[in-house]
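Participant: Given only the sequences and the hints, what does the whole structure look like? Please build it.
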Amino acid sequence: MRDIWNPWHGCRKCSEGCVNCYMYYLDKIHGNGDSSIIRQTGNMYYPLSKNRSGGFKIKSGETIRVCMTSDFFIEEADQWREEAWNVIYERPDVKFFILTKRPQRVEQCLPKDWGEGWENVFFNVTCENQLRADERIKIMKDLPFKHKGIMTAPLLGEISIKEYLSEGQIEQVICGGENYAGARLCKYEWVKKLRDDCVATNVTFAFIGTGNKFEKDGRLISLNNNREQMKLAYSYGLSYQGKSIKFKLTDRLGLPIDEESYAPQFKCKCLDCGSRPVCNGCENCGRCDGEFLTAEEI
Numbered sequence: 000m001r002d003i004w005n006p007w008h009g010c011r012k013c014s015e016g017c018v019n020c021y022m023y024y025l026d027k028i029h030g031n032g033d034s035s036i037i038r039q040t041g042n043m044y045y046p047l048s049k050n051r052s053g054g055f056k057i058k059s060g061e062t063i064r065v066c067m068t069s070d071f072f073i074e075e076a077d078q079w080r081e082e083a084w085n086v087i088y089e090r091p092d093v094k095f096f097i098l099t100k101r102p103q104r105v106e107q108c109l110p111k112d113w114g115e116g117w118e119n120v121f122f123n124v125t126c127e128n129q130l131r132a133d134e135r136i137k138i139m140k141d142l143p144f145k146h147k148g149i150m151t152a153p154l155l156g157e158i159s160i161k162e163y164l165s166e167g168q169i170e171q172v173i174c175g176g177e178n179y180a181g182a183r184l185c186k187y188e189w190v191k192k193l194r195d196d197c198v199a200t201n202v203t204f205a206f207i208g209t210g211n212k213f214e215k216d217g218r219l220i221s222l223n224n225n226r227e228q229m230k231l232a233y234s235y236g237l238s239y240q241g242k243s244i245k246f247k248l249t250d251r252l253g254l255p256i257d258e259e260s261y262a263p264q265f266k267c268k269c270l271d272c273g274s275r276p277v278c279n280g281c282e283n284c285g286r287c288d289g290e291f292l293t294a295e296e297i
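FYI, the numbering for the sequence shown is 0 to 297, going by this note's numbering.
The set of hints was computed from the structure by calculation and includes no laboratory data.
Among these hints, one or two may not hold up.
Listed next, the in silico DSS-like pairs over lysine-lysine satisfying Cα-Cα at most 30 Å (straight line) [to be verified]:
#, residue 1, residue 2
1, K161, K247
2, K111, K12
3, K192, K140
4, K27, K230
5, K191, K266
6, K192, K230
7, K161, K145
8, K192, K137
9, K49, K247
10, K12, K140
11, K191, K242
12, K245, K140
13, K247, K147
14, K245, K268
15, K191, K212
16, K242, K186
17, K56, K266
18, K247, K145
Facilitator: Structure representation (structure tokens):
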């Protein structure tokens, strides 16, 4: 996918949410070797790659999700991280979505010229249950980032985060159930509790997918198809648009760029997708039909 940048691959399991890691499962079925071995991918400079016309493939204003098959702050990547930071620095016009289960390592892994944070980095911690929410959000609160969010996926139990959201640092919460082999149950009331906390504090909330096993009103719903999980999540109408998130992006010369310069476009099948509120849009890969629609048209 165009909006994913994996400069390295592989991870070590470190908490409850890692038990049925999707990366381990996909590596196994594709014969990709030992998922616990962290290795470079050859994509270190992907955000700087250009098309035949000489323009960047990743457009100004787009969002790139970083290290979705690893952890940006894992110890084994210490030798490569400075190079990755340099790439991020070279694209101040692009938003880099960084997610970690290791916030305790972050402060020692920041660039020397980090200051109070770079405007184009959106830092997120994973909180699969209340234990990890209390542990990781408390650490995140003291870290120097301009933009902060929470990923509650896989959601493994009821989580209360209203007190953290009320402090005003957290700009977005993403929620989803667990997928693939061994998927554990996700309950509607857990998702609704998170949504209510976000509405009460005007923080954006996105319920992107139910996971394989979802329970609502005492009824178990089993869905093995990711597309159907996202459709079902969308049908509940739980996603919420809170206060807008403003990224002060610039070009390489430091001149401001219009954040709206990139307008995501979606195919018709995106209309009922739970991921759409946090999606970068369709990359027009040719695998599906349909007209393009802008967010405003949807």
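Participant: Can you name, in rising order, the numbers of the hints this structure does not satisfy?
Facilitator: none
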